[in-house]
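Chains as they are written, first to last, in my numbering: chain A, 1 to 210; chain B, 1 to 314; chain C, 1 to 85; chain D, 1 to 538.
Derived by calculation from the structure, the hints in this document are not laboratory data.
A couple of the hints might just be wrong.
[Stated by the list, open to error] Residues of chain B placed beyond 10 angstroms of chain D at every Cβ, according to the derived structure:
hint, residue
1, A53
2, Q154
3, D175
4, G183
5, Q217
6, A280
[As the list claims (entries may be wrong)] Label pairs and their calculated CB-CB ranges:
hint, chain 1, residue 1, chain 2, residue 2, range
7, C, P26, A, I161, 36 to 42 angstroms
8, A, Y168, C, G68, 26 to 32 angstroms
9, D, Y129, A, W99, 17 to 23 angstroms
10, D, Q506, C, A48, 29 to 35 angstroms
11, D, E499, A, Y168, 21 to 27 angstroms
[What the hints assert, rightly or not] With the C-beta cut set under 7 angstroms, the calculated list includes, among others, these residues of chain A facing chain C:
hint, residue
12, W25
13, G29
14, A32
15, G36
16, L77
17, M151
18, I154
19, H155
20, A156
21, L160
22, S164
23, V167
24, I196
25, L207
Every residue, glycine too, gets a C-beta built ideally from N, C-alpha and C.
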Amino acid sequence: MTDEPVSKAFDEVGREREADTFGMWVFLGTEAMLFGAVFVAYTILRLKYPEAFGGGSEKLSMWLGTLNTAILLTSSLAMAVAVESAKAHALPFARRMLWITALLGAAFVCVKGYEYFDDMQKGLLPLLGPFHYDGPDSAHAGLFFNIYLMMTGIHAVHLLIGISLVVYLALPIRIPPGRQPKRIESVGLYWHFVDIVWIFLFPLLYLVHP
Amino acid sequence: MNEIILHPASASTAAPGFDVLFLALVVFSGLVGLVLVAMIVGWSIKYRRGSSADRTGATAHGGGLELKVVGGLFVVAFGLFGWGAWLFVGRDFPPPGAIHIAGTAKQWMWSFEHDNGEKELNTLHIPVNRPVVVDLVSQDVIHSMFVPAFRIKQDAVPGLTTRVWFEATQTGSFDLFCAQYCGTQHSEMRGQIVVMPQADFAKWLSTRPTDQSLVQQGAALFRNLGCSGCHENSATVRAPDLHGVYGRPVALTSPAHETVIADDQYIRDSILQPAKQVAAGYDPVMPSYDGLIAPDDLEKIVAYVKSLSPGGSP
Amino acid sequence: MTRRLVYAWLGLMLLLALTVGSSFIPLGVGNSVVNLAIAAAKAAIVLAVFMELRRGEPLLHLAAAAVGFWLLILFVLSWIALRGV
Amino acid sequence: MTLAAPDRSSYWREGAGIRSWLLTTDHKRIAWLYLTSLTAFFFIGGAAATLIRIELVTPQGDLVSDDVYNRLFTIHGIVMVWFFLVPSIPATLGNFLLPLMLGAKDLAFPRLNLASWYVFMFGSCFTLYAIVAGGVDTGWTFYAPLSTVYSNGHVSMAAAGVFIVGFSTIMTGINFIVTTHKLRAPGQTWFRLPIFVWTLYATSVVMVLATPVLAATLLLLVLDRIFGIGVFDPTKGGDPLLFQNLFWFYSHPAVYIMILPGMGVVSEVIPCFARRPLFGYKLVAYSSIGIAVFGFLVWGHHMFVSGQSTYAGVVFSFLSFCVAIPSAIKVFNWAMTLRKGQVSFDTPMLYALGFVGLFAFGGLAGLFLAALGIDVDLHDTYFVIAHFHYIMVGGMVTAYMAGLHFWWPKITGRMYSEWLGKIAAGLMFLGFNLTFFPQFILGWLGMPRRYHTYPPEFQVWNVLSSAGAVVLAFAYAMPLLYLTWALFWGKRAPNNPWEASGLEWQTTSPPPEHNFDVQPVVTGPPYQYGGQAAEETA
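Given only the sequences and the hints, what does the whole structure look like? Please build it.
Pasting the structure below:
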């Protein structure tokens, strides 16, 4: 365990580790505000057109959404175990758990991709194809599906960034062992945050009842 | 230098209420400002380095002095807030018996429609001493109906009907501005509110042809298609002023040294093939509208251009 | 140590089942309230256990609470501003 | 006259050549990188403003066409707000002085600090190209549906550029928050921090919590404009007021990002030149945090007449009056600090006193606009332009000048010419008032903002304002010249020319690369001026 701090600003490594964790939490705070603003747009427009949102939500396949939520929650478990084992210096085991996390993330993305394709086939996504929708308030249902695509799209982009970070850490390249747990912990915090965003996205998009 | 105005006209029932609150705020902030400047300048000079002023008993904390002083100021300030809020709430309750006008804002013009279908472009005739309610709609971006003399302002938001009411107390003509930036000719989107004695207004309203005459529709097209952008006191594009041109000889640069009489056909050709006969002293920058204007619209524009000259169309 | 994480994961799965199950019961606006409450509970579990907020220093609690408070400001005042429209 | 380089051991000499500057992680050099780019953007924005003022001398639009005028005020808005005002004091004086004031060797994340400069430069140059070449004419407010549907300039590129610059602000914010929490000198409790550190902390909190909402809003704008998702497009059910709501949720706290650091600078300068501890230090510290929190509650006052409900108007008007309280406390305390002091009138003090006066007048004008009945008439007129320029130019830029002059000896190891400084300060004060006070009257008379042509009766006030703008432009050019001159040929500055208190003055001028040879320890409250030190409980 190397014990001299990375940046010259710090004298001892404990202080620096606290700073890194605190910095990560502040960064996640900014991400939370970014998603918060997008959720405000969702909320205001849902209050304006409850029937369109209710009808549109029913058209979405709830079971794929549930499956995806389960996958992401499990990936969070895998990531948390990876962080714990990395702190306990069991790096090989931690790397394996990181691979599992990345695979589960990829599974989520595949399910999501299939779902987009399926929705497009059914003519539900006005942005990607012809729009056939027979539910209530069809004038504004297109808006619901656009918001659905936009919000899950922004989440998917954040997830892809997370997957690439996890894969980068899982590769056995020579990061000085001293700093490996720190990196894994930071990426873990980011991964859990993306999971929390989906925890709120799932009910708000898939389980809307007018 | 044009005549200077030192204070806005006060021509509506809302204006006096606004002016009193405005004066109260000026007095409040003036006093606070003066006391502050006195403190800064006074103490800076009195306690300047090396001056012999007595400096015993200086403390670095006032034991909440600042809270007391600022607290006191804000009791007054919150009174002003309440006063302002009371005036603001009044906007939601137009007095009974108001005239209803349908106001439409679109990129760079105002159009008002009276109860009897009479439409006006950029001007609104209203009777004096009678409340008027304008229901505002926008066809494109956000505009804002602002009449400084009446102290009223209300945004016209697309997808929403907003409402503003006022009651004019003076006759005359007052500026109407668009206050919300709405694109290229935002600053040209101006008009006039013409306040008339009630009897004159009634007569004016009844004698107007109910359906819009050719000339008025032509005027609207003249503006919508952008002709006004160049032909009416535009800045950078030099284009002939069309007032008084109909029926008079026009010297041309191409074909050179020729002069033609500006008759209907000349106006029609100038619109469809502007480069064929270019007026002297102007470069051929006018775009051709061939295929862009329906024949009947073309006639309306020609009628409007003719109406700009004495003895032109009625 | 990983036992604690697995328990948390089980709790999350349970809450997920609860969310989906509750959506079959027609509660009207109640559904949305239940959904959000369960989602908040899931988020709390992830924050406390997976992200080790519970064992983190008080500064992290302050940061998390501040972000929560600002999101509250954003939602409540946006609702006040736009509900009349 | 040889170019006498500053002495051997300072951070200037750490490495020679461009590489050492462009790849530095030393907070002092990054402050210089920011200082140069911000000065360039200030004069670009200023040039746009000068053209606007020249155009407005005549009621007709005879200098530029409608389109070009609209692009000019868009460039002036975007460049001044995001490329000068938001980053100016935090990224230059803040970057340089925060570690010094905390007795630290550098910021918590030095590499993130350099990354923030590169993100800033890439984003701002990209945006500048987009708005100049792409003819963006939506104003810096990008209101939908004008920006999403009807404007034909490169709005998406400009929005993407500002989106990128936003991340530079977030990075600076994160860096300052973590540094203030984790890198304070031994013995330096929160209430022994100078107010400049308090205001930078409050600014960073606002940066970190508000800027992401701007990022989300611009993202939605671009998605709406390119893909037509319809969130702001009324024809598809979207709501233009939603855009205004999200935009102003960022943009009002953003004006507190701009003014708080200025308050911090003034809270350092006035005690030093009045030789008195800051009056009511704790309350000034609390009010900095109060402004950061309350700044988030008031944005509705931008939407009083835009279709927002009357109920919401009353709520936001009340909150807008409350947000003035912390600022009033600060102004009162700055004035009280002068009492029974030994006031000297060096250039920084002139700027600081100017700040207090002009900021107070700007704030009082804000009370006019917060009062609902008044805002109905004065909204979107030149009264609003005068209000925010009194606070941004009269307050923020004046404080920036005060800070530059106050810490110039510490940053460069050179003294500037005192009498030139005083002339520039006086000229700036006069030019500023001549430019912006007539605009209060124009607003009261009812001249709307962003007007290329106006009715002739407003002309005399516009001519006065334009005359003032010429004086102001000249007054701004002076510091650029004599400070640059002083950088190379100025008289050598001692370590503490103003005998100021504060850890940054305990090291050499300019400081060595590692800031302090011996780690400073803090034993008492800041502002140890005058005989009687401020008690701990102050």
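Comparing the hints with the structure gives:
no. : hint                                  : verdict
1   : A53                                   : violated (8 angstroms)
2   : Q154                                  : violated (6 angstroms)
3   : D175                                  : violated (6 angstroms)
4   : G183                                  : violated (6 angstroms)
5   : Q217                                  : holds (24 angstroms)
6   : A280                                  : holds (23 angstroms)
7   : C:P26 <-> A:I161: 36 to 42 angstroms  : holds (39 angstroms)
8   : A:Y168 <-> C:G68: 26 to 32 angstroms  : holds (31 angstroms)
9   : D:Y129 <-> A:W99: 17 to 23 angstroms  : violated (43 angstroms)
10  : D:Q506 <-> C:A48: 29 to 35 angstroms  : violated (44 angstroms)
11  : D:E499 <-> A:Y168: 21 to 27 angstroms : violated (53 angstroms)
12  : W25                                   : holds (5 angstroms)
13  : G29                                   : holds (4 angstroms)
14  : A32                                   : holds (5 angstroms)
15  : G36                                   : holds (5 angstroms)
16  : L77                                   : holds (4 angstroms)
17  : M151                                  : violated (14 angstroms)
18  : I154                                  : violated (17 angstroms)
19  : H155                                  : violated (14 angstroms)
20  : A156                                  : violated (19 angstroms)
21  : L160                                  : violated (20 angstroms)
22  : S164                                  : violated (20 angstroms)
23  : V167                                  : violated (20 angstroms)
24  : I196                                  : holds (5 angstroms)
25  : L207                                  : holds (4 angstroms)
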